[in-house]
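*Asks:* Residue-level listing of the chains:
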Amino acid sequence: MAMPAAKGSELRKKCVQVGPATWEIPPDAKPGMRVPARIYATPELLAQMDDGVFEQVTNVAMLPGIVERAFCMPDGHWGYGFPIGGMAAMDPDHGVISPGGIGFDINCGMRLVRTNLVYDEIREHIRDLVDALYRRVPAGVGAHGFLKLTDDEFAEVAVQGARWCVAHGYGWPEDLERTEEGGAIPGADPSKVSRRALERGRTQVGTLGSGNHYLEIQIVKPEHIFDPEAAAVMGITKPYQVVVMFHCGSRGFGHQIASDYVQQFAPLMEKKWGIVLPDRDLACAPFRSPEGQAYFAAMKCGINMSFANRQVILHRVREVFSEVLHRDARELGLEMVYDVCHNTAKLEEHEVEGRRRKLLVHRKGATRAFAPGMPDVPAVYREIGQPVIIGGSMETGSYLLRGVPTGKQAFFTTAHGSGRTMSRHAAKRQFRGKELEQQLAARGIYVRSVSYGGLAEEAGAAYKNIDAVVAATTEAGLSLPVVRFTPVGNVKG
Amino acid sequence: MPFRWLEDAPISDAGFEAWGPTLDECFHAAADALLALMVANPEAVEPREQRRFEVEHQELDLLLVRFLEEILYYKDAEQLLLHVVACSVAGETQPLRATAQLAGEKIDRERHQLSADVKAVTLHRLSVQQREGQWVATVVVDL
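First to last, the protein sequences are chains A and B. So the first sequence is numbered by my numbering: it starts at 1 and just counts up by one. So the second sequence is numbered by my numbering: it starts at 494 and just counts up by one.
One or more of the hints may lead you astray.
Capping the alpha-carbon separation at 30 Å, the derived lysine-lysine pairs in BS3-like fashion look like this [unchecked claim]: (1) K358(A) - K271(A); (2) K434(A) - K599(B); (3) K599(B) - K148(A); (4) K358(A) - K192(A); (5) K408(A) - K14(A); (6) K272(A) - K148(A).
No lab work stands behind these hints: they were computed from the structure.
Using the sequences provided together with the hints, build the complete structure.
*Replies:* As structure tokens, this is what we get:
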């Protein structure tokens with residue numbers, strides 16, 4: 001029997017401010033909550049959050065084995081199961097793993113590439129660059145990539161991730177040092193992945209997808225370098241420097257892995273493990289159960305495919321810049337800054353009540369933001385903290401941030417994007433893709449999109465203010481801004 | 494068309510209600526809605542290739558998920574957009590079973606106005622129920 005759900009509007013009233021940009025709903029707010037639910041937001045952002053966020057974050061607080069509290073980041077919005085922007089750390093011995101706490105698009109993430117170019121050097125080439133990127137990085141419904149992989153090769157990609165790509169000529173060895181997990185998380189097992197998932201993903205390495213996935217050329221205005229020392233470590237040294245940022249995930253492969261296991265866990269939860277939750281989308285399995293371990297190994301295949309996907313896209317970006325500007329990619333300084341994950345569950349070591357503990361940290365639409373000195377931060381960034389890439393809408397801009405010691409309060413997690421405030425249908429009713437394209441062009445942003453409808457859905461006004469989201473993560477002590485980027489060209493899936 | 498979009502679906506996603514006097518027609522309408530989410534002019538999808546599938550599940554709503562997932566599978570694995578030509582849902586014997594005949598064609602960006610790339614069919618608000626003489630399916634998909 002499912003428990004009756006408490007109304008989000010009632011739960012909203014139970015939010016108590018417990019710190020700067022930090023709110024909590026106590027565990028007695030709803031039957032079944034094991035821990036408090038914490039939401040990071042300024043009062044304005046909290047008011048913008050839909051009621052679904054309050055219901056869902058308190059549902060997450062009911063999961064068996066949850067440690068300390070359930071979290072929602074300042075870009076949080078209503079999803080299914082967990083809110084998007086949700087995070088929960090589980091005791092691996094007594095807790096669960098939940099596909100709904102990871103998301104269908106496993107390891108959807110952001111990759112940032114710098115160049116040694118400044119805006120004046122590409123201003124005349126923007127259309128050519130974006131048009132070529134649009135042709136070379138397939139986007140939209142059912143897009144397939146240029147890699148023709150056999151079943152065995154795709155299984156290798158699922159195990160080796162971006163390492164497979166670099167070994168096969170689609171990248172530079174140093175790319176891996178600047179990718180979370182070194183571009184391949186250990187423990188991936190393709191035998192735990194369905195035939196259907198393999199077939200859905202096999203042709204999609206090097207494709208962007210649709211929805212909020214995009215590839216963008218951006219510049220750094222001089223007034224937007226907030227932390228010049230950290231920016232220099234990340235290779236951002238010049239006013240109006242050009243960078244390339246893209247957002248995509250594990251495509252049909254990850255989507256099918258998540259679907260397969262949600263459907264497997266949902267009917268077993270109560271019958272087999274006695275787990276009763278108010279929402280079937282929180283379907284989960286005890287982490288140590290054979291089913292939980294199988295999903296963990298399959299999910300890691302999705303993580304690795306996503307790293308490979310972004311690696312092949314980076315390869316295409318280098319090819320395009322090199323061809324359009326008639327200079328070698330090395331000469332153009334097309335070096336990776338970092339690659340961050342959004343939709344994952346990972347075993348990490350954290351301090352809880354003064355004791356080091358291994359925890360299974362679910363982050364759904366949330367970014368890991370490790371602090372300076374932590375061993376998993378690449379050596380080049382260890383003194384400044386892990387780079388965090390927060391993508392905004394195609395109209396507004398994006399941020400590069402870094403992890404900070406006070407991020408410990410949220411197991412070193414921060415926001416991942418702007419976060420929607422308007423549904424896709426509402427955005428499509430309010431905006432016209434063609435008009436939006438023209439308005440963006442007038443503002444110096446050249447956009448190519450597979451679909452005008454999809455373009456309208458991603459209008460800047462459908463999202464929260466990215467500056468406000470980043471300010472909230474700063475105020476709450478989750479991360480610090482390094483630079484802000486302004487878009488000048490965009491390929492939209 | 495026997496479906497309507499849900500205005501109160503989760504903010505990042507999309508949902509629809511599809512209906513018909515029989516389970517066959519309800520499933521057919523749900524497949525039409527799914528195709529209409531992915532391509533804004535589904536009438537432009539021509540019946541150049543045929544496919545057939547059969548899915549099973551013990552629960553009716555999860556049978557619908559499997560049914561719709563097959564359409565997503567063809568979209569990703571073969572880049573095919575497919576209309577349901579005929580479908581049959583055996584909803585009285587266990588396991589429940591649905592079969593479908595489909596016709597469509599490879600994605601053609603020149604003729605197909607592509608819209609959202611549907612990632613997955615979620616369990617959020619999922620239901621297949623009889624209501625006032627109709628079978629009604631409620632589905633939220635992840636975009």
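*Asks:* Against each hint, give a clear statement of whether it holds in the structure.
*Replies:* Tested hints:
| no. | hint | verdict |
| --- | --- | --- |
| 1 | K358(A) - K271(A) | 29 Å, holds |
| 2 | K434(A) - K599(B) | 26 Å, holds |
| 3 | K599(B) - K148(A) | 18 Å, holds |
| 4 | K358(A) - K192(A) | 24 Å, holds |
| 5 | K408(A) - K14(A) | 25 Å, holds |
| 6 | K272(A) - K148(A) | 41 Å, violated |
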